[in-house]
Amino acid sequence: MRKAAAVSAAMAAPTAAAAQSTTPAASTQVPEPSAETEPLTGGRAGSDFMVDTIKALGFEYICANPGSSFRGLHESVINYGGNEKPELLTCMHEESAVAMAHGYFKIEGKPLAVMAHGTVGLQHASMALYNAWCDRVPVYLVLGNTLDATLRAPGVEWVHSVQDAAAMVRDYTKWDDTPISLPHFAESAVRAYKIAMTPPYGPVLIVADSELQEHPLGDHHGALRVPQLTMAAPPQADSSAVAEAAKLLVAAESPLLIADRLARTPAGLARLIELAELLQAAVISTQPNSLPPIAAGRMNFPNRHPLNQTLRSVAAIADADLIVGLEIANFYGATHIFRDQLERTSRPATKSGVKLITVTAGDLSVKANYQDFQRYVEADIAMAADGEATLPALIEAVRRLITPDRRRAFDARGAKLADSSRATLERARSDAAYAWDASPISTARFAAEVWQQIRGEDWSLVNGNLSGWPQRLWNFDKHHQYIGVSGGSGIGYGMPASIGAALANRKYGRLSVNIQNDGDMMYAPGVLWTAAHHKIPILTVVHNNRSYHEETMHLQRMGNRRNRGVDRAHIGNEIDNPAIDYAKLAQAMGWYAEGPISDPNNLGPSLGRAIAAVKRGQPALVDVITQPR
Amino acid sequence: MMKTLLVIGVVCLTALSGTILMAQSQAKPAAAASIEKGRLGFVTVGCAQCHGREAQGSPTTGPRLGPNGLPYAAFARYVRAPRLQMPPYTEKVLSDVDLADLYAFVQSRPKAATPPALQ
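Chain order of the listed sequences is L and D.
Residue numbering for the first sequence follows the numbering used here, starting at 766 and increasing by one per position.
Residue numbering for the second sequence follows the numbering used here, starting at 1207 and increasing by one per position.
Think of the hints as simulated: they come from the structure by calculation, not from any bench.
It cannot be assumed that every hint is accurate.
Each computed EDC-like pair below joins lysine to aspartate or glutamate, with the alpha-carbon atoms no more than 16 Å apart [said to hold, decoys possible]:
id	chain 1	residue 1	chain 2	residue 2
1	L	K1132	L	D936
2	D	K1317	L	D1202
3	D	K1298	L	D1332
4	L	K1116	L	D1145
5	L	K1181	L	E1042
6	L	K850	L	E825
7	D	K1317	L	D1196
If we strip away everything but chain D, and leave its shape as in the complex, we get:
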C-alpha cells in the first residue's frame, strides 16, 4: 500500500479547494463538506484501495465514483449497507461528516478528456 500522499497531476483543485456548500437534508451531505478532507479520507479509510486514488475505478475491484456518480442518499446508503462485495462502513468507523467529505471529493472529480493514446 502506498502510504504517502503523492501529487495528483491531473486534477486542478485550486478552484474547488476548501469547502462546498450543500443544502441541508437527510438526502444530502453536511453543509460544510470538505473536498480536501475527503481526498485524504479516501485514502485513509481505504476507498482508494479498490476505487483508485482519484475515484477513477478499476474493472475488477470497484467502479468509478465520480464525477456524476450516485446521488448522495444512494451513495450513503450503499456505503453503510452495500449490496455486493464492498465492506460495510458503519458510523463507528466512518462518521456522517467524514462520509460527506468523501462524497464531496468524488463529486469534485473532473470529467476526463480522452487522450490521443486512447483514441
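Just chain L, same shape as in the assembly:
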C-alpha cells in the first residue's frame, strides 16, 4: 500500500469552508509517517495472483525490457513464480520482445507473453504489434500503468502514466482491457487469451495497474480464482457455400488453389495436399504479382510437390478458370498485374470469365484506419471463415461429387501440371548457375551453399527470402521449415522474430536458420545479446548488400521518371562508408561469428564452422557480402 493514499484520504472530503478558500488549510498538512504504525511489508501481493493467472494460461516464457510500472509483476514472476513457466527473458527493446513472441508463435502455435510499460514501452512495441496484427499472430501483452493519479510518484511516474494505455494501438490489436480488481484481471486475462487464439488470431493487451500489482493480497487471496479457459472452435464456412464451392471445383477445367496464411498448423499443410491431390489441382503458395513480390505467409504446400505451380504463378493464374484464395491477404494483387509507372494502372492477370472464391477469417476482423485489408475483391463466393478449419468440409464435399469421368480428367490434368512443375524446377537450378563464382556472392549461390550445409539436418528457415532462391533450390515439406514473413513489412522483424522462433525450436533440437537482411538487423541489434544470454542456438547468415535495397530501387524509379537518372539513388539508402562489421557486432554480444565473406568458395566452410557452434548451443552468425538481389 502506498503512503500517498493517506494524502488522498485527507483531501477527499474538504469542509465547505475549505472548499471555498484559495489558501490550503493547515489541517491538510500530512504528518511524517510513523515507523511504529506504518506497515512496511505486506507479504503476498496482487501480482502474485496475476502470476497464478499467467501460469494457468500455460505461458512458457515472458519477455520484457524491465520497467518500474510492472516492477511488482516482475518480482512475482521471478520469486513467487520461481521464474519457471513462464521464465523471464531479458530483452533490450520492447519491439524485440514482441517480435520474439511473433516468431515463437509461428513455430510453437502458442503465444508468448510480453511485459512492457503502458506508455514508453508500448510506444517501442507498437511497430512489432502492427506486424503481428497484419500477420494474424497472437501476442499477449501485459502493460504496467498507474491509473490513480493520487498514487503516482511525482516526476517520471506521471510521464509514464496514461488514461487509456491501449488506445494508441487499438487500431491494430484484437482486444484489450484495463481491469480494476484482481477478479477482473483474471477474467479479462483468460478472455484475452481466448480472443487472441480464436482465428483470425491477433495481439491482445491487458493493463496491469501498478496499485493492483503492489497492494498486498491480505485476506482476499483465498477468494480469488482463475476462470476456466475454454478455447473457441475456429469458424468454419457456411455449409451451402462449401457445397457450391465444391461443385465449381469439380466442374472446373483449370482450378487453382492459392494459399497465403492458410496453414496455421501442420494439419493445414496436410489438408491442402489432400484437397489438391483429390482434384489434381494447381497450387500456388505465395502472394504472386504483388509489388514487391512477397513470399507466402505460412508453409502451406511442399515446394517440390508436382502440383506446386508457385514458380510459374503468372502462367498458372492466366490459365485458371477457377481460383480459390485460401487466407490470402492480397487476393486482388494475386489476380491483377499492377504497374508502378507515372500513371499507376492495374489489369487482370486472369482470363475472362474466371470465377473467384475466397475463404478467409480476415473478413471477420476488419478495421477502418490501417489499410492492411487490401483492395476489394469481386468474388463469386466469399466465405468469412478460417481456411484451415473449412478444408475438411470442402474436401468431403468435393469427394462426394467426383465421378469416374472427372477422375480421368483430373489425372490427365495432374500429369501436365507435374511436367510443368518439373521443368520449372530444372530451369530454376540452371538459372542459379549464372554468376556462380561472382563476388559479391550471388543470392543463388548463397542459397545453394546454405542448403548444402543444412540439407541433412532437421532445419527450420525462421526468416529470410533471399530473392526466392530457397523456394527454388531447397526442399520444403514440413510445416516448421518455413514460417512466413513479418506481415506488416515493418523493418526490424527478422532478427528478433527468428530468435523467438529459434527459442521454440530449441526444445525440438532443430537447426534454426535465419537469412538476415542487413538493414533489418540494425533496428534493434540488442536482441543478439538476448539470444546469447538465454543460450538460444540459431544460425544467422547476413544477406549483406550494404543498403536498404528496396528503397534504392524506388529511388531509381523516381529518378528516371523525372529524367534525372539514378547515379545518386544510393544517397540515403546505402549502409556503407563505413561498412558495418556484423561479425564483430555479434561477437561483442557473445555470438560465434565469421565474416565478412565475399569469396563464394569460402562460404561453405564458414557456414560449416558456424553450424558446429550452433550444435554446441551457441548462436552463430556469418556475414556474407552479396549481390543486391
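Assemble the complex: chain L is given as a structure, and chain D must be docked to it using the hints.
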C-alpha cells in the same frame, strides 16, 4: 549498395574485352559498342540493382538478360519504354551509345555450366 567494382571470378573476358563489331542499323547497336564500358555502366546506371552485376537475374526483381537475351531492337525498346515495373531510361539519362554498351555487356555473358552443388 556496393559502390566498389569487385573482381568477377566467373567470367573470363580476356578474349571478349575491347570492342565488338556489330552491323549498322536501327535494329542494332552502334558499331563500336564496348563490353567493358557496358560492364561499368551496368552498375552505374543501376541495372545491377535488379538484374545482378553479371546480368544473371533475380527471381523477384528482374530476369537474366544474357547470354541469348532479347534481340537488340526489343532490348532497346524495353529499356526506353518498359511495359512492366522497370523504370524507363530515356535518352536524357542513358544515351544510345551507353545503351549499346550495356547490350554488348549482357550479350557477352557466358553460358553457365551447372555446378555439382546444383545437380
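Against the structure, test the hints numbered earlier, and report the numbers of the ones violated in rising order.
none
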